[in-house]
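The sequence shown begins at -3 in the working numbering and counts up one residue at a time.
Honestly, the hints are just simulated from the structure, not real lab data.
Even glycine gets a Cβ: it sits at the ideal position worked out from N, Cα and C.
A portion of the hints provided could be inaccurate.
[As the list claims (entries may be wrong)] Simulated restraints on C-beta separations:
id, residue 1, residue 2, range
1, Gln170, Ser150, 38 to 46 Å
2, Asp199, Gly242, 49 to 57 Å
3, Ser172, Pro64, 17 to 25 Å
4, Cys360, Pro64, 27 to 35 Å
5, Asn363, Gly242, 33 to 41 Å
6, Gln365, His192, 20 to 28 Å
7, Phe273, Gly162, 32 to 40 Å
8, Leu133, Leu272, 18 to 26 Å
9, Ser172, Pro105, 17 to 25 Å
10, Leu272, Phe222, 13 to 21 Å
11, Pro288, Cys360, 44 to 52 Å
12, Gly171, Asp199, 18 to 26 Å
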Amino acid sequence: METGGTADRCGGVWSMPPQTPGTAGSKSPHGRSGAVCAPEAPVLSRLLTSDHSLLEILLRLPLLAATPLPVLVRGEPGTGKELVVEALWALSDRRDRPLHRLNCAVLTPELASSELFGHQRGAFTGAEQTTLGKFRLAHGGTLFLDEVGDLPLSVQPRLLRAVEQGEIEPVGGQGSRRVDVRLIAATNQNLPRLIHQGRFRRDLYDRLAVLDIALPPLRERGEDLFLLAHHFLEAAAARYQRPVTGLSAKARKRLQSYHWPGNVRELRNVITRAVLFSAGPDIQEGELLFPPPQEQPAAPLHHPFATPVPPVYGAFPKRTAPSTSRPLPGQLRELLGETGGNVSALARRLGVCTRTLYRWLKACGLNPQELRPQPGISVRPRAGEGAWPHNLRTASTHRLPPGP
């Protein structure tokens, strides 16, 4: 198993349970039985977890890969969205064609149309030659739209047409072209919130999320924190030839108390730095260096209690002075919904400690779990498929049946 370069894009390493058919007797790189390394999808061998929700997703990937339906992969930065996308492609019957990628976060409206659908020579200033575009390049294969929540709103109707009708029209061209593309999209944004703000089309969301995979953040993955920490520790110690073998008790406690906004990617970086600077065989608490918190975006004016927290620089995050004013229950629920039920993020936004915020939530009868996107896989029925609802905009979400 690769441990260096692969970790740069890794959201974790998963391992199938021993009972999974076709894996009996196999060994993982850590000596655990039941490692998944399908010949056609070696990407799965990079994934290690004991978390039930991630194992459930892994068990369903071959089923999802076998369909031509669009897939939306959701999750915070560093949770492993790209690896899931690669696995879906590698397990599909389109794996003999390249996986084409496009990062929507770096595209202007004009560039997005050209990159997706191509353009004719002379269609705009600087268009000196005809370009095919990602959809035509991916014809017969798979197209991965990363950070799809950042796709310019003006381009979204054209993407909707491509998904619904399988037709595209190059910029500056006349007439449409048929394309056969399996579309996979990923985002770290809350698309329903963007829909509410008028920044993302509801009909496009319904089309992209026919199959919806939600990856849990590292802070909700239980023992995976130390499973992955030791994996990255061993990999870094071997790569840089450092005599580091473990974590001190205080270091373990510090890892547990941190909220991990960068998830597994951030954990890898923290552990790698600690291995490089450790003075002994065990990493100490003071050798765990965390990045400074990012500046919080300005709060909407209609949320009087949602004041932004200025950035704090240093190895360890500091708290702002706690607020003495508790928001009203309705305001608190709305703010909690905006963070997707993330108590740590809301506490930073309000400038209070998480203990205070939990006390407020309890007093208001609010449960953060109810507002969090549940990890796992859901299926949105497509129009005309059996007895499922025909209106995608109002269709309910259907859970897949239990795995083997």
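- Message: Between the beta carbons of Leu272 and Phe222, is the distance compatible with 13 to 21 Å?
- Response: Holds - the Cβ-Cβ distance for Leu272 and Phe222, about 20 Å, lies within 13 to 21 Å.
- Item | C-beta pair Gly171, Asp199: status relative to the range 18 to 26 Å that was hinted | Because 24 Å falls inside the window, the suggested range holds.
- Task: For the range 33 to 41 Å, tell me whether the beta carbons of Asn363 and Gly242 fit it or not.
- Result: holds (37 Å)
- For Gln170 and Ser150, compare the CB-CB distance with the range 38 to 46 Å and indicate the outcome. violated (20 Å)
- Message: Within 44 to 52 Å: is that where the Cβ-Cβ distance between Pro288 and Cys360 falls?
- Response: Distance hint for Pro288, Cys360 is violated at roughly 32 Å.
- Item | Ser172 versus Pro64 beta-carbon gap, inside 17 to 25 Å or not | Holds - the Cβ-Cβ distance for Ser172 and Pro64, about 20 Å, lies within 17 to 25 Å.
- Starting from the range 18 to 26 Å, see whether the pair Leu133 and Leu272 falls in it by beta-carbon distance. violated (41 Å)
- Item | Outcome of range test on Cβ distance (Asp199, Gly242; 49 to 57 Å) | Holds - the Cβ-Cβ distance for Asp199 and Gly242, about 53 Å, lies within 49 to 57 Å.
- Is 32 to 40 Å right for how far apart the beta carbons of Phe273 and Gly162 are? violated (54 Å)
- Message: I want to verify a distance hint. Is the separation of the beta carbons of Gln365 and His192 within 20 to 28 Å?
- Response: Holds, at about 21 Å.
- Message: Quick check: does the Cβ-Cβ distance between Ser172 and Pro105 fall within 17 to 25 Å?
- Response: holds (20 Å)
- Could one say that the CB atoms of Cys360 and Pro64 fall in the range 27 to 35 Å? violated (46 Å)
Violated hints for the displayed structure, listed by number in ascending order: 1, 4, 7, 8, 11.
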